[in-house]
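Enquirer: If you read the sequences in order, they're chains D and Z. All residue numbers for the first sequence refer to our numbering, where the first residue is 1 and numbers rise by one. All residue numbers for the second sequence refer to our numbering, where the first residue is 1 and numbers rise by one.
Keep in mind that the hints were calculated from the coordinates and are not lab data. Misleading hints may appear alongside valid ones.
[Stated by the list, open to error] With a straight-line cut-off of 25 angstroms between C-alpha atoms, the simulated SDA-like cross-links for lysine to any residue are: (1) Z:Lys-111 x Z:Thr-336; (2) D:Lys-55 x Z:Trp-66; (3) D:Lys-6 x Z:Trp-69; (4) D:Lys-71 x Z:Leu-327; (5) D:Lys-74 x D:Asp-63; (6) D:Lys-95 x D:Arg-67; (7) D:Lys-58 x Z:Glu-31; (8) Z:Lys-422 x Z:Thr-455; (9) Z:Lys-167 x Z:Gly-237; (10) D:Lys-71 x Z:Cys-19.
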Amino acid sequence: MATEPKLSHTAAMILQTIHAGQIYGFSVMEATGLPSGTVYPAMRRLERDGLIVSKWEKQSIADAEQRPLRKYYKLTRAGETTLEAMHKRYPLLKKMIADPEVKNA
Amino acid sequence: MSLQLLRRSLPVSLFLLRCASWLVPGRERAEWLAEWRAEVWHVWHLQDRNAQVTDLCLGAFQDAFWLRWYNPRSVPRRTLRTGSASRCSFSLAVWTAISFVVCLSLPGARKAMSPSPFRDADGLVMIASGGYAGTQVPTIPLQDYRSWKLSTRHLFSGLAFYQPERKRVHVAMHRRTELTIGRASDNLLQLLNLPASPRSGDQASGQYAARLFLSQAAWRELFGSDAGVIGNHAEIGGQRVLIAGVITQDSSQLPGQVDAWLLEDQRHLDMLPRNAKGFVVGQMRTSGLRHMDGWRTMNVSNEDGGNERFDCISLAQRSRLPFSIFLFTLIVAVITLPATTALPLGEYPRLSGRLPGTVSGRRWLFLLSKVSLVVPLVCLSSVDVAYGIPSLSSTSTQYIQLGLSYFGFLFAFRWILEDQRKRCPVCLRVLSNPARVGEASRNFLAWNGTELICTGGHGLLHIPELPTSWFSTQRWLSLDASWGSLFSDACVPSAGFV
Numbered sequence: 001m002a003t004e005p006k007l008s009h010t011a012a013m014i015l016q017t018i019h020a021g022q023i024y025g026f027s028v029m030e031a032t033g034l035p036s037g038t039v040y041p042a043m044r045r046l047e048r049d050g051l052i053v054s055k056w057e058k059q060s061i062a063d064a065e066q067r068p069l070r071k072y073y074k075l076t077r078a079g080e081t082t083l084e085a086m087h088k089r090y091p092l093l094k095k096m097i098a099d100p101e102v103k104n105a
Numbered sequence: 001m002s003l004q005l006l007r008r009s010l011p012v013s014l015f016l017l018r019c020a021s022w023l024v025p026g027r028e029r030a031e032w033l034a035e036w037r038a039e040v041w042h043v044w045h046l047q048d049r050n051a052q053v054t055d056l057c058l059g060a061f062q063d064a065f066w067l068r069w070y071n072p073r074s075v076p077r078r079t080l081r082t083g084s085a086s087r088c089s090f091s092l093a094v095w096t097a098i099s100f101v102v103c104l105s106l107p108g109a110r111k112a113m114s115p116s117p118f119r120d121a122d123g124l125v126m127i128a129s130g131g132y133a134g135t136q137v138p139t140i141p142l143q144d145y146r147s148w149k150l151s152t153r154h155l156f157s158g159l160a161f162y163q164p165e166r167k168r169v170h171v172a173m174h175r176r177t178e179l180t181i182g183r184a185s186d187n188l189l190q191l192l193n194l195p196a197s198p199r200s201g202d203q204a205s206g207q208y209a210a211r212l213f214l215s216q217a218a219w220r221e222l223f224g225s226d227a228g229v230i231g232n233h234a235e236i237g238g239q240r241v242l243i244a245g246v247i248t249q250d251s252s253q254l255p256g257q258v259d260a261w262l263l264e265d266q267r268h269l270d271m272l273p274r275n276a277k278g279f280v281v282g283q284m285r286t287s288g289l290r291h292m293d294g295w296r297t298m299n300v301s302n303e304d305g306g307n308e309r310f311d312c313i314s315l316a317q318r319s320r321l322p323f324s325i326f327l328f329t330l331i332v333a334v335i336t337l338p339a340t341t342a343l344p345l346g347e348y349p350r351l352s353g354r355l356p357g358t359v360s361g362r363r364w365l366f367l368l369s370k371v372s373l374v375v376p377l378v379c380l381s382s383v384d385v386a387y388g389i390p391s392l393s394s395t396s397t398q399y400i401q402l403g404l405s406y407f408g409f410l411f412a413f414r415w416i417l418e419d420q421r422k423r424c425p426v427c428l429r430v431l432s433n434p435a436r437v438g439e440a441s442r443n444f445l446a447w448n449g450t451e452l453i454c455t456g457g458h459g460l461l462h463i464p465e466l467p468t469s470w471f472s473t474q475r476w477l478s479l480d481a482s483w484g485s486l487f488s489d490a491c492v493p494s495a496g497f498v
């Protein structure tokens, strides 16, 4: 039986934030109110555990907006499964940072 | 530009990022820096939150540190990972260093470890009755000293007597204080070769029957290193004496813990009662020294016609006593070790050719490093405990050192062997995941016991429950590289000290 990774509330909040569409490090900071010294190491840990994955955006997007390339993060399938489990463990997580579909509605 | 504005400036933030990037492992540094620069650019240009940019960059240090520490290839992490040989050696080295620092900071322990301050310590002997214990308390009556001065001329080129006493000392301009005064024959310092400062501090000494020489410690602590004290007069128990100088060398290794030496001429020394007991120090003649091996006995005829036996203990030997005890206990511990644990380290079939020949050597090197760190650790710790308690008599101190160092060595050597046995011979990490294998009833045809595994995937260690003629000791089973995929730590190199 596969064991689900145990996440702290902070890590679960970051996972939820990325799931909610805040895909850059700074936007996760803004949405959660956590400092950079907490957010970035937590994202590294989540990436190491295979719950999120990072990718560089396309050069054309950065060129169009005349800015440097940014790295964005998104949930993996394992990350989505873990987040569902985390919703049971931390029921207020969804209320704190709303899911994208809830936000759109 | 104010400090606040400087803090919020982009160049300062980028400089901080550059500094933090040096913490990031080299192969990830460029990508890490690009990500952080893009974030800073975004915050600076689009969010217009200049105030936040420096705080953002300060967090980069934590991020960089995380990457450094949790990188599987990180050298400090690999070095200090739980169960690694380096961590073990590092911990032992730290404990040894702590013991050494404690030894230096405790006056008693420091004195015990320092060499003899006397120049010709091999020829100098302490005459006492009752061996080493007799050298700790005054045992020789003054009348014996007087008679030996004549009767033992063929053995000693010089004999000196001293008697430590607590006396109140008063020096003008200084408060009255109580000191341990060594009332001594006037040849004592000359015999011990103890230099005093000033060398000619006794210009006026001819007029005085007694001259007082302060020890460095007493001069510093009680008179605040006041040079004006020298040449002054002091009153000791109603006797007016001249403070002739300060002994520049440590004389605290002589028994009695004397703060100041009061050198008196023969006439004044004779005023002491005949049976007043003190210490006698002698300088052996070269002919006598030839037969001296640290401890000799001297037979003297007494007034009743009988023979009295005294021990002549070399001062050099006396100062080497902690080392002698240490050496003795080391030898006894090595001899008794086989009675407490099995010495064989197990059967390690020749490791396969894929490993460099140095791997086996490193295993022995690690064993040697543990021994070489444990020996000074036990020695220093036993000295710290035994000599660090000032209220103990010197005999108790020696017994404590003897006990601590013997049991310390015994347990340390046992631990070294046990630790060596439960390590992987390839990566030297502690083996884990013990599993019970087999049943006791299978012992006749197979084996039963415990199986330990190397998390690096180098092999398995089988420890039999009951040693038999076909499985007498633990046995190592090497695994080849094809097993690597099963182990999470398979990346651990066979680098011995990792």
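Enquirer: If a hint holds in the structure, say so; if it does not, say that too.
Expert: How the hints compare with the structure:
no., hint, verdict
1, Z:Lys-111 x Z:Thr-336, "30 angstroms, violated"
2, D:Lys-55 x Z:Trp-66, "20 angstroms, holds"
3, D:Lys-6 x Z:Trp-69, "21 angstroms, holds"
4, D:Lys-71 x Z:Leu-327, "65 angstroms, violated"
5, D:Lys-74 x D:Asp-63, "22 angstroms, holds"
6, D:Lys-95 x D:Arg-67, "34 angstroms, violated"
7, D:Lys-58 x Z:Glu-31, "15 angstroms, holds"
8, Z:Lys-422 x Z:Thr-455, "13 angstroms, holds"
9, Z:Lys-167 x Z:Gly-237, "6 angstroms, holds"
10, D:Lys-71 x Z:Cys-19, "21 angstroms, holds"
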